[in-house]
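This note's numbering puts the first residue of the sequence shown at 95, with every later residue one more than the last.
Warning: the hint list may mix true and false statements.
[What the hints assert, rightly or not] List of simulated lysine-lysine pairs, DSS-like, C-alpha gap at most 25 Å: (1) K484 - K435; (2) K289 - K484; (3) K435 - K453.
By construction, these hints were calculated from the structure, which means they are not laboratory data. Please read all numbers here as calculations on a predicted model, not as lab measurements.
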Amino acid sequence: MARRKRAALADDEPTTSGQAVRRISKNFSQYACIESVEQPISDAFDLMSLQQPASSKGRRGPQHRSDLVSSFFQPHAPASRGTLADLDLHLAEDTIHQPSRSAPPASPALAQARAELLEQHVRGMDAWFASLHAGASVLLYGWGSKAPLLQTFGARWALDGACVAVQGLHPGLTSRAVLVWVAAAAKAGPPSSYKSYREDALLELIESEAGNRRVYVLLHNIDGPGLRDNAAQRALAAMAALPNVHLVATVDHVNAPLLWDAKMQSQFSWVWHATPTFIPYDKELVLAGVPSLLLGRREEGSKAGALLVLSSLSQSARAVFQLLANQQLEVGGEHGISFDKLFQMCREQFLVSNEMLLKGFLAEFRDHGLVVTRRHPDGGDVLAAPLAPKALARLLTDVAGL
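Can you make the complete structure from the sequences, with help from the hints?
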């Protein structure tokens, strides 16, 4: 496949400077999620805080007597009955984002060092371009945000074809969605025209434009959670092997090479480039949103679990949940809906015929954590889905596709 790709590239006619080249640059805003920030763990400890005070031999002052009293009573003190559940570990989103917004700028020396390192990588982009046109794919690795490098490469070097930038760390991103956008770039058409195509049909569609249009795919984090399964990587490898597709990807996970077997390695034909930038992941953090674990929420995991549960329920049960969730979003996502109002709406849409049936659905929802009972400000109880508005909206979109 790699030899066929190189042979096909060799037959291409060079693009003249006067040729109007249509450039398509998409950032997959609906899938916009870059990698979450991992705080490095320092191995350096403050040894000064572990040093014992100087010996005071022969001194029996008040401090010495106080130490004797503490040493007697402290071991016999009753144990605390507090638990981890008593700790308030929930942080507001503004609190998490504040460090990236209010962090002091880098020192002039550090900023200059980063700029020089970035410029060094930019000067090496001609090697990336040569590798791409030789039939290989380029893989960038190293500590720091590599988004500026991909943006620069797309602006300076991907000039003889369409360019698609993909933010790969969104959990909802799929390989099929990537193929849809690449096919749209290859055919110079809207992505909505190709959403119904199968993956193999999309690959054939992209390859059919091999003699007419190149497509540069700038994939931020090919090791993202939505692309880590074998099926997704096989589809991406098949795409990278097409003669008119040039893939530049980044990785940040130390075990990323374990994603590819021998066949996929051959199809990707990676040329590895060490490109550490030491640029903080501030931009990625803002685009991706705060990790749910730091916010004291498990929205993504809860959404995935909720989707799995709903997929196993009947169509009527899913319709009841959708009705409840849509009503919750209409009022801002904070409050829910009363049982009487939900029953009335379900009867109007012929989803349930009696209260017992609705109560059965709600009991199943509660057992799986899909619905909880909350106290409304007016004093009554309401039913609500325990998800943030954005996560709930994404769940409804996924449920509609079941």
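Here is what the structure says about each hint:
1. The suggested pairing of K484 with K435 holds, with an alpha-carbon distance near 24 Å, which does not exceed 25 Å.
2. Annotation: proposed proximity of K289 to K484 holds, straight-line Cα distance about 23 Å (limit 25 Å).
3. Proximity of K435 to K453 is assessed by CA-CA distance (about 13 Å); at most 25 Å being required, the pair is judged to hold.
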